[in-house]
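S.K.: Residue numbers (this note's numbering), protein chains in the order written: chain A, 19 to 222; chain B, 868 to 1145; chain C, 914 to 1186.
Note that these hints are calculated values from the structure, not bench results.
Among the hints, erroneous ones may be present.
Said to hold, decoys possible - Quick list of in silico lysine to aspartate or glutamate cross-link-like pairs, DMTMM-like style, CA-CA up to 20 Å:
(1) K35(A) with D71(A)
(2) K1148(C) with E968(C)
(3) K1034(C) with E1109(B)
(4) K1085(C) with D1112(C)
(5) K1122(C) with E924(B)
(6) K938(C) with E1109(B)
(7) K1120(C) with E1109(B)
(8) K1025(C) with E1044(C)
To be verified - Sample of chain A residues lacking proximity to chain B, with all beta carbon distances greater than 10 Å (derived):
(9) A64
(10) R82
(11) L97
(12) S156
(13) R184
Claimed, not checked - Simulated restraints, written as ranges between beta carbons of each label pair:
(14) R1130(B) with A1059(C): 41 to 51 Å
(15) L962(B) with L116(A): 48 to 58 Å
(16) S888(B) with Q90(A): 32 to 42 Å
(17) K1148(C) with R1130(B): 48 to 58 Å
(18) R1130(B) with Q90(A): 45 to 55 Å
(19) E1134(B) with Q90(A): 21 to 31 Å
(20) T173(A) with I968(B): 53 to 63 Å
A virtual CB, placed ideally from N, CA and C, is assigned to each residue, including glycine.
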Amino acid sequence: MQQGDFQLTDLSFTVPKHGFATLEGPNGSGKTTLLETILGLHSMRAGKIFLDDREITLSPVHQRNIGYVPQQGILFQHLKVYQQLEIPLIARGWHRSLREKRCEELIDLLRLHAFVSAYPASLSGGEIQKTALARALSFRPEYLLLDEPTAALDTDAKMQFYQLLRAIASQQSLTILCVTHDRFFRDQKIDHRFRLEKGILTLI
Amino acid sequence: MIQKNSWRNRSSFGDRFFWFSLAVIISTYITFLVALLFASSFHTSSSSILRLFSQSEIRYALRLSLLSSTVSTLLSLWIAVPSGYYLARCSSPLLKLIEVIMDIPLILPPLVVGMLLLILFQTPPGRWLQSHIPVTYAIPSIIIAQGVIGTAYAVRMMKDAFASLDQREEKVAQTLGCTASQAFWYIAFPAAKRGIFSAAILTWARCFGEFGPILVFSGATRLKTEVLPTSIYLEMSIGNLENALAVSFLMIGVAVLLLLAFRLWGESASIHKPGTAI
Amino acid sequence: MKMNTTHPFFAVLLVTSIIVGLALKLMLSPYSKSNTLKIYCAAALRPPLENIAREFESRFDQHIEFNFGGSQTLLSNLETTGDGDLFIPADDSYLQLAEQRKLIQQIFPIAKMHAVILNSKDHPPIKNFAELFDVKLKLAQANPDAAAIGNLTRNALSKINRWGELKLHTEKYGSFHATVSEVANAVELGAADAGIVWDTVAFHYPKLKISKLPELDKIQGNVSIAILQSTRSAKLALKFAFFCKARDRGREEFRQNGFQITDDEVLPSQLDR
């Protein structure tokens, strides 16, 4: 694959099902590009991507059903928090009553009550990350990709977010790949740690 | 977010000088615009403006101007919003060429635009179309003439409006299950609401004042293809400067009132949402 | 708070079609097609002809549709559309062009125009031809290639060998304009001190003084009304042409607008043939 002025070649790795994996590496090593390639936002020259035994290498982005929490959240600036959660469900043609039920679940699960009707511009870093997470989970994906989810949070908020994530992951048996270069994750008990540096991917 | 005046009490002399010079430039320009209107106001009177309303031709021209520019603006936006989105989001080696082609109506003298339209509608396909709907020297020609220029303006503005939006939002929407079309309609389109709104206002104003192509392509048939700029032309060609200016002031008044009302309505009707781009 | 789930496309489509539909209905409503007399008329001749038409309409219960514009524009209009009943250009030169293109059935002269000097109110009136060459004088003229009066001025002054001189002087200190009405407007606003215009154009500026110079006296234009080949009702077109020339109808209207009427006239009795 190629993006900008660097290439990622000959990478191969597997995240075991229901596992929690992190992908570490210095800035500019291609972590985000790798993530976005899995999501289908970049095209690949060669290689294959599998979810379980389903090949998605050539699937359109919107059919991959991978939850994605981008760096800095990237919330939809013109929509209220509640509406952010609805977008994936509207896109899938869910009926109104089902949508309402699902949104209530997510609000309870991620404790969004205090700011459901706020616009993203007025949210704190932690609130943005929680909203982005809720949005990514709304359509019940089995796989979740996170890009530097803790970058904008203070230590307490990091711990809070991490614990919430782990709880949800085990409860819903999610397979998680989290890109990060935050030292915070080194002190946590992570199932699988990958490291990407100078185009080489290793399992630590 | 930085508040507008959060640094005011610490502003240095240099800063104040900077803002002061900007204020000088803008007020000079405004003085010039006001002087333009003020000088002309001596050549006409409010009574001759009021007298205009007693003429059925002028009442018709006013109505036609308002309606045709509204229709042209809406049709322009139907072309400009998709085109602008395409230009802002797609990369193609031909993009520069496409943009230049779309700018042609702005480069050409207005009279030439009218002439080209006239010629186009006299070609066999044009004549065939006209055997079903009369275009040349009829009302549709006014809408086409205004629309051609209006669209070129609107495309430029819409391209800038979409380009200033964060493309990552649409990408994220796609990972959430939106098709490209859903990402446009649910994310980019509402986020560009303010840009579309400004484009609509400027396009409307441009269409309202359009004259060159209309004179050639639509003629100046009273009670049929006479819009307000045509009325001004007709008054000027018999040397009636007083009436010509009266119609001009009528146009300015109507346009300023409508645009002001439209903008105020836009402000109140949630067009401005926090964080909306532009 | 919840998303409005109507697809935005349909909302936009609905709003657009309602507005466009309403507007089109309102715009097209005053359309009247039946039995209309279509007249292409020079914009400068609008005042007398609109009055004549109004009287004609009420007397004969007949609808008249005017297309006003510059004579050259009108000529290309009627040529491209191949439609219309009557053509009244600002002067005869356009009728010659139209005749060459076989667009005309019949011509009726209506009135004569003469070239005069229109003086700005800030400048003492011109008393003789020599004063036109005053260095301080900003003289406005119509372009000899674009406007009939300019063309005729060039012809007349070339005969007495003064054209080259006046042209240079105008280029250097004055201005050339595309139409005679722009010349008059320039003089009225004071952008020019004096201008060469038709007496019928000068008539619309009662506050400004007019100078008649013998050198310009030969510059004469005719206003005529022409029945077009494309007319669908030659009888009706002829009736209107006669109406314009009738002593107590059109002639009087033209006279009141500063035209000098041609000698032949149509008697009221002829109108009702």
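S.K.: A separate judgement is required for each hint: does it hold in the structure or not?
M.R.: Outcome of the hint check:
1. Straight-line distance between C-alpha atoms of K35(A) and D71(A) comes to about 11 Å, which keeps the hinted pair within the 20 Å bound.
2. For the hint linking K1148(C) to E968(C), the alpha-carbon distance of about 18 Å falls within 20 Å, and the restraint holds.
3. Note on K1034(C) and E1109(B): the hinted pairing holds, with a Cα-Cα distance of about 16 Å set against a maximum of 20 Å.
4. With a C-alpha separation of about 26 Å, the suggested pairing of K1085(C) with D1112(C) is violated against the 20 Å cut-off.
5. At roughly 32 Å between alpha-carbon atoms, K1122(C) and E924(B) are farther apart than 20 Å, so this suggested pair is violated.
6. For the proposed pair K938(C) and E1109(B), the alpha carbon gap of about 33 Å is over 20 Å, so the pair is violated.
7. For the suggested pair K1120(C) and E1109(B), the alpha carbons sit about 13 Å apart, so the restraint of at most 20 Å is met.
8. Restraint check for K1025(C) and E1044(C): the C-alpha separation of about 27 Å exceeds 20 Å, so the hint is violated.
9. Taking the minimum C-beta to C-beta distance to chain B, about 23 Å, the non-interface status of A64(A) holds against the 10 Å cut.
10. A Cβ of chain B approaches the Cβ of R82(A) within 10 Å, the least distance being about 7 Å, so the stated non-interface status is violated.
11. With a least CB separation of 8 Å from chain B, L97(A) falls inside the 10 Å interface cut-off, contrary to its annotation.
12. Not every CB of chain B is more than 10 Å from the CB of S156(A) (nearest about 8 Å), against its label as outside the interface.
13. For R184(A), the condition that its CB be more than 10 Å from all CB atoms of chain B holds, with the nearest at approximately 22 Å.
14. Between R1130(B) and A1059(C) the CB atoms are about 42 Å apart, so this pair conforms to the stated range of 41 to 51 Å.
15. Roughly 42 Å separates the CB atoms of L962(B) and L116(A), a value that falls outside the hinted 48 to 58 Å.
16. Checked against the given bound of 32 to 42 Å, the beta carbons of S888(B) and Q90(A), roughly 37 Å apart, stay inside it.
17. Distance hint check for K1148(C) and R1130(B): the Cβ-Cβ separation is about 56 Å, which falls inside the suggested range of 48 to 58 Å.
18. Distance hint check: the CB atoms of R1130(B) and Q90(A) are about 33 Å apart, inconsistent with the given range 45 to 55 Å.
19. Separated by about 29 Å at the C-beta atoms, E1134(B) and Q90(A) satisfy the suggested range of 21 to 31 Å.
20. Checked against the hint of 53 to 63 Å, the pair T173(A) and I968(B) passes, with Cβ atoms roughly 56 Å apart.
Hint compliance for this structure: hints 4, 5, 6, 8, 10, 11, 12, 15, 18 are broken, all remaining hints hold.
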